[in-house]
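Student: Given the sequences, and given the hints that come with them, work out the whole structure.
Chains A and B are the protein sequences, given in the same order. Add 29 to a position in the first sequence, counting from 1, and you land on the number used in the numbering used here. Add 29 to a position in the second sequence, counting from 1, and you land on the number used in the numbering used here.
Careful: at least some of the hints might be erroneous.
Derived lysine to aspartate or glutamate pairs resembling DMTMM-like cross-links, with alpha carbons at most 25 angstroms apart [claimed, not checked]: (1) B:Lys90 <-> A:Glu107; (2) B:Lys80 <-> A:Glu63; (3) B:Lys90 <-> A:Glu64.
Calculated directly from the structure, the hints in this document are not laboratory data.
Number of protein chains: 2
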Amino acid sequence: MTCVGTTKSSSESTGNVAADQLRLFIERVERLEEEKRGIADDIKDVYGEAKSTGYDTKVMKEIVKRRRMEGHALREFEGLLETYQCALGME
Amino acid sequence: MTCVGTTKSSSESTGNVAADQLRLFIERVERLEEEKRGIADDIKDVYGEAKSTGYDTKVMKEIVKRRRMEGHALREFEGLLETYQCALGME
Numbered sequence: 030m031t032c033v034g035t036t037k038s039s040s041e042s043t044g045n046v047a048a049d050q051l052r053l054f055i056e057r058v059e060r061l062e063e064e065k066r067g068i069a070d071d072i073k074d075v076y077g078e079a080k081s082t083g084y085d086t087k088v089m090k091e092i093v094k095r096r097r098m099e100g101h102a103l104r105e106f107e108g109l110l111e112t113y114q115c116a117l118g119m120e
Numbered sequence: 030m031t032c033v034g035t036t037k038s039s040s041e042s043t044g045n046v047a048a049d050q051l052r053l054f055i056e057r058v059e060r061l062e063e064e065k066r067g068i069a070d071d072i073k074d075v076y077g078e079a080k081s082t083g084y085d086t087k088v089m090k091e092i093v094k095r096r097r098m099e100g101h102a103l104r105e106f107e108g109l110l111e112t113y114q115c116a117l118g119m120e
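Tutor: Have a look at this one:
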């Protein structure tokens, strides 16, 4: 790949403001993505701990999802869930 | 829904250890999920800032993805990408 009008590092050129700016944006995203992965790992750890205590994590995830819903949204969700299950002969 | 063998709050019963324990696990997950959403918002903000500076965020996301790959994985990805594009007459 030939990089026209860019340099590999900022030290190679003092005029390459755009590349440095782009690099800063990318590095900010990368740091935040790293943090987000760390938290995702922490969540996995909590579920792992709950599982080893005897809880079903699939059900826990469903609970977390339902607790995030507003009252009316939850009632609508539960109503439609029942309707669809009936329609598909699932109960 | 009838809750057999459980109480709605820990104050209603002192013997309901399991429900309290479950609640603690759920609340820990919820706090972490909240944190994760905060970081996801921060990432969106960085992309928004980059976009308003003139950068294409779709390309930036591709760059972030490729920078996370190990050297050999990146080469394999780029090679296969070209192969598939050729196979599909995309170049």
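Student: Each hint: holds or not?
Tutor: Against the structure, the hints:
no., hint, verdict
1, B:Lys90 <-> A:Glu107, "36 angstroms, violated"
2, B:Lys80 <-> A:Glu63, "21 angstroms, holds"
3, B:Lys90 <-> A:Glu64, "17 angstroms, holds"
In this structure, the one hint that does not hold is number 1.
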